[in-house]
Amino acid sequence: MSEKTSGAVSKLQLSTPEISPKTVSKLITLKVKRYDPDAGRYKLSIYRISVTRFDTVLDALLKVVRDQDHTLSVRYSCRMGICGSCAMMINGVPRLACMTNAISLGDVIEIEPLKNFPPVKDLFVDMDQMFRKHRSVKPWLIRRDEEEQFTAKKEYLQKPEEVDAYRLFSTCIKCGACMAACPTVASNPDFLGPMVLAQAYRWSADSRDEGAHIRFDIVDNPNGVFGCHFAGACSAVCPKNSDPALAIQLLRKSILRGKR
Amino acid sequence: MEILRYDLVILGSGLAGLRAGIQAALTSKGKIRIAVLSKIHAMRSHSVAAEGGIAGVLYPEVTGDSFDAHAYDTIKGSDFLADQDAVELFVKLAPEELRFLDHLGVPWSRTPDGRIAQRLFGGMSIPRTAFAADKTGFFIMSTLYDNILRFDNVDIYHDHMATSFLMENGVFKGFTVLDLKEGTLKVFLAKAAIIASGGAARIYGFTTVSYAVTGDGAAMAYRAGIPVKDMEFIQFHPTGVVPAGVLITEAARGEGGYLINKDGERFMARYAPQRMEVAPRDIVARAIIREIMEGRGFIHEESGLGYVYLDLRHLGEEKINTRLPFIRELAKKLVNVDPVYEPIPVRPTAHYTMGGIHTDTYGHVMFDAKNYVPNLWAAGEAAAVSIHGANRLGSNSLAECSVYGRLTGEAAAKYALEASSSMLELSSSLEEAVKREEKRIFDELFKTETNAEDPYQIRGELWRTMDTYVYVFRDEKGLMEAGRIIRDLKNKYKRIRVDDRSRKYNMNLREAIELGNMLDVAEIVIVSALARTESRGAHYRLDYPKRDDVNWLKHTLAYYTPEGPRLDYIPVRITRWKPEERKY
Ligand SMILES: Cc1cc2nc3c(=O)[nH]c(=O)nc-3n(C[C@H](O)[C@H](O)[C@H](O)COP(=O)(O)OP(=O)(O)OC[C@H]3O[C@@H](n4cnc5c(N)ncnc54)[C@H](O)[C@@H]3O)c2cc1C
Ligand code: SF4
Ligand code: FES
Chain B
588 MSEKTSGAVS KLQLSTPEIS PKTVSKLITL KVKRYDPDAG RYKLSIYRIS VTRFDTVLDA
648 LLKVVRDQDH TLSVRYSCRM GICGSCAMMI NGVPRLACMT NAISLGDVIE IEPLKNFPPV
708 KDLFVDMDQM FRKHRSVKPW LIRRDEEEQF TAKKEYLQKP EEVDAYRLFS TCIKCGACMA
768 ACPTVASNPD FLGPMVLAQA YRWSADSRDE GAHIRFDIVD NPNGVFGCHF AGACSAVCPK
828 NSDPALAIQL LRKSILRGKR
Chain X
235 MEILRYDLVI LGSGLAGLRA GIQAALTSKG KIRIAVLSKI HAMRSHSVAA EGGIAGVLYP
295 EVTGDSFDAH AYDTIKGSDF LADQDAVELF VKLAPEELRF LDHLGVPWSR TPDGRIAQRL
355 FGGMSIPRTA FAADKTGFFI MSTLYDNILR FDNVDIYHDH MATSFLMENG VFKGFTVLDL
415 KEGTLKVFLA KAAIIASGGA ARIYGFTTVS YAVTGDGAAM AYRAGIPVKD MEFIQFHPTG
475 VVPAGVLITE AARGEGGYLI NKDGERFMAR YAPQRMEVAP RDIVARAIIR EIMEGRGFIH
535 EESGLGYVYL DLRHLGEEKI NTRLPFIREL AKKLVNVDPV YEPIPVRPTA HYTMGGIHTD
595 TYGHVMFDAK NYVPNLWAAG EAAAVSIHGA NRLGSNSLAE CSVYGRLTGE AAAKYALEAS
655 SSMLELSSSL EEAVKREEKR IFDELFKTET NAEDPYQIRG ELWRTMDTYV YVFRDEKGLM
715 EAGRIIRDLK NKYKRIRVDD RSRKYNMNLR EAIELGNMLD VAEIVIVSAL ARTESRGAHY
775 RLDYPKRDDV NWLKHTLAYY TPEGPRLDYI PVRITRWKPE ERKY
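Order-wise, the sequence lines are chains B and X. Numbering-wise (the numbering used here), the first sequence opens with residue 588 and increments by one. Numbering-wise (the numbering used here), the second sequence opens with residue 235 and increments by one.
Worth double-checking, as some hints may not be accurate.
Unchecked claim - Chain B is faced by these chain X residues, among others (derived, beta-carbon under 10 Å):
#1 Ala366
#2 Val443
#3 Ala478
#4 Ala503
#5 Arg504
#6 Tyr505
#7 Gln508
#8 Glu536
#9 Val574
#10 Thr684
#11 Asn685
#12 Arg737
#13 Met741
#14 Thr767
Claimed, not checked - Distance windows between CB atoms, simulated:
#15 B/Arg653 / X/Asp722: 40 to 48 Å
#16 X/Lys728 / B/Ile801: 50 to 58 Å
#17 B/Val680 / X/Asn570: 46 to 54 Å
#18 B/Pro705 / X/Lys681: 28 to 36 Å
#19 B/Asp623 / X/Gly694: 23 to 31 Å
#20 X/Lys728 / B/Pro705: 57 to 65 Å
#21 B/Val680 / X/Asn725: 52 to 60 Å
#22 B/Ser637 / X/Lys681: 56 to 64 Å
Don't read these hints as lab results, they were simulated from the structure. None of these values were measured; they are calculated from a predicted model. Beta carbons are placed, not taken as given, at the ideal position from N, Cα and C, and that holds for glycine.
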């Protein structure tokens, strides 16, 4: 880029993000286990890459894509931990790449596609089945009077403590990390899984909702809430601290209480 | 090649697209088939990133707020470039939308008696911004996504990227669409369509927006002969975290946060003595850059970026945890700063595209001042209605997405209900257009050339150029230089090469296509900015520092020509508020 710019503008633009006079950086190794769809198997790619103090694992991967290997496919979008795109296995644990600092993980970082999901290409996995399960529990606000629901004249009042009954579970970004950590999902692909069950509870616990009994019928079986063995791995890995294990417990309690 | 036929196709599944889809499903009562396309998984759309809130006059009897007050704030904020009839319509419908979203299940932050809580936002004269903690966009998005699943006549196509519009005799016919998962090109034919593909701020390197916000809708419309309006107006949000660019919501200042310089001074007192930190964004952004420029900022060691501090410490831990929990999480994770104990380093960052596809007051797409594309609508950040004029007020965008999602969803569904199915035929000339697009993508981008150009290097140059010359302050020389560089990059782009030869989830290919769109949009921004020899809202020219209502109270329309954008202008619609000097 030409340095000869208009005096006024160049004085104002103190610098651009690319100009880094004092970058504190370090060389690390990324070992990426990636799925090759044409060969139908995994292969390992190893990259040496320089990262700075604040670079995340996603930043490191995107540097690899930019400077070393244009063919590496990574799913990402917001890079601020809110869109749920970038969950992957980082040193064996399902985490969001964009919210995981790279340097603090040491000299070698091992990256794999998210477990318990069919691989598609490199770090891309197929989430269709998870989203089909999600849809199957009717994750929307159910009202007996739909006509009234869709012609809102006034808001439904909801006290802060009523919001608290479900707020935690509404923070789920559907990243799938909990599904990857869950031992039941690993052994029974038909198990709805923590994200989906937590969402069934989230909607049922909303004071504006009138459809709990419908959802309870859907999840009241061994592939639903009674498939959970309370391993708790889901809540341990959830990047949003949304505590799906707690939601499953509350869901099970509500169902059992309904039966009494 | 696979051809899919729908009564209505919606491009984009952000807040605007999903709201449009729900309204179209309700309006048509299941009688039309609707497709929603998204180049990423639908619920990952950029709208999830919105933090601070959504504006609407909810309780005028309690707060003393009014439609007129919201309209006036919006128009003044826009530096009088907004179309006032559209603003009046918008403020009336906004509260209905907030209630509608409540009826779908948004987990609003509430007052003790159960009503929807509202907070102060920049440029708003009264607290009228409803919110759900500091993840309002995320909560609205996930609520809309969940709720659209209830409709059986809506098909969502995740990872489907539109690459061009198909048009014939001034009528919209459909899209060519790359199925990213399979790597095949499909044709979607539609009786009616809504473009809700979001903004374009990724033409900048230092930006708040997600990587997918590449201006595809505007670029495709432009290449199809539809004008793109007011693209010189790019909003720079005052508080992007240094060095990542990630947003610290304006709500941080709305809740009482201070901006301080090196001398520990609340410098906004010099620039907007009354509104201080909650003055509109263009004013605060310029103030920060002036402070840095005059040596009262800090310099970030690693990136070399100048910055000032956003100080939240006096708000206390409890307020930060209940009102701004996400900000705390982001600052800790991204720059290792806990805002309860330390101030956050910030500087202005590219954030929002005021301009977009040219529409009328109702979101109906137009070729010029008079002629419509009969079956095409645009909504959300992709459209320029124009509600925001030269500068958007924070929290007006989510409200616009919802209001215009509803309006266009309803209008397009009604059109589709009446339209004949002969509209869904693929003529031989359209078939030719599809073949040309296939060739462009699979032959031209995939070709192996010996001296091919690297798309990521071109993208880096684009980012540097926009960050340097087309930022908060602009002038003729800088813009000319930017124009020269972009034209050079466009030539290089003709010789780029996609290294990844695989079909499935080929990110290299997707990013190469996006780059083509970004270059087109960047050129429009630069050419429009160079022509506008005045300063208005977010467009500030050092060589023309005054607003000039005599010559420039008008909207820019940019039209495609092979030599670059051709500009035309149309008047601003003024109803009740005469332009006046803007003071805060
Ligand atoms: C960090 C941040 C915080 C914000 N906070 C606020 C706030 O508090 N209040 C407020 O009012 N506004 C806020 N905004 C602005 C607001 O979030 C956006 O203007 C708004 O979300 C845009 O929504 P949209 O539906 O128009 O587009 P988007 O949400 O960007 O969605 C675009 C959709 O189009 C799809 N798409 C794009 N191109 C293609 C293609 N070629 N083919 C197929 N699909 C395509 C995408 O996949 C996506 O689904 C914020 C913005 C940012 C960046
Ligand atoms: S519960 Fe947590 S880990 Fe599971 S999908 Fe939601 S955010 Fe991800
Ligand atoms: S990129 Fe969105 S969560 Fe990581």
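Against the structure, the hints:
no.: 1; hint: Ala366; result: 8 Å, holds
no.: 2; hint: Val443; result: 9 Å, holds
no.: 3; hint: Ala478; result: 7 Å, holds
no.: 4; hint: Ala503; result: 22 Å, violated
no.: 5; hint: Arg504; result: 17 Å, violated
no.: 6; hint: Tyr505; result: 16 Å, violated
no.: 7; hint: Gln508; result: 26 Å, violated
no.: 8; hint: Glu536; result: 5 Å, holds
no.: 9; hint: Val574; result: 18 Å, violated
no.: 10; hint: Thr684; result: 17 Å, violated
no.: 11; hint: Asn685; result: 17 Å, violated
no.: 12; hint: Arg737; result: 8 Å, holds
no.: 13; hint: Met741; result: 4 Å, holds
no.: 14; hint: Thr767; result: 15 Å, violated
no.: 15; hint: B/Arg653 / X/Asp722: 40 to 48 Å; result: 20 Å, violated
no.: 16; hint: X/Lys728 / B/Ile801: 50 to 58 Å; result: 57 Å, holds
no.: 17; hint: B/Val680 / X/Asn570: 46 to 54 Å; result: 21 Å, violated
no.: 18; hint: B/Pro705 / X/Lys681: 28 to 36 Å; result: 32 Å, holds
no.: 19; hint: B/Asp623 / X/Gly694: 23 to 31 Å; result: 28 Å, holds
no.: 20; hint: X/Lys728 / B/Pro705: 57 to 65 Å; result: 38 Å, violated
no.: 21; hint: B/Val680 / X/Asn725: 52 to 60 Å; result: 46 Å, violated
no.: 22; hint: B/Ser637 / X/Lys681: 56 to 64 Å; result: 32 Å, violated
The structure shown violates the earlier hints numbered 4, 5, 6, 7, 9, 10, 11, 14, 15, 17, 20, 21, 22.
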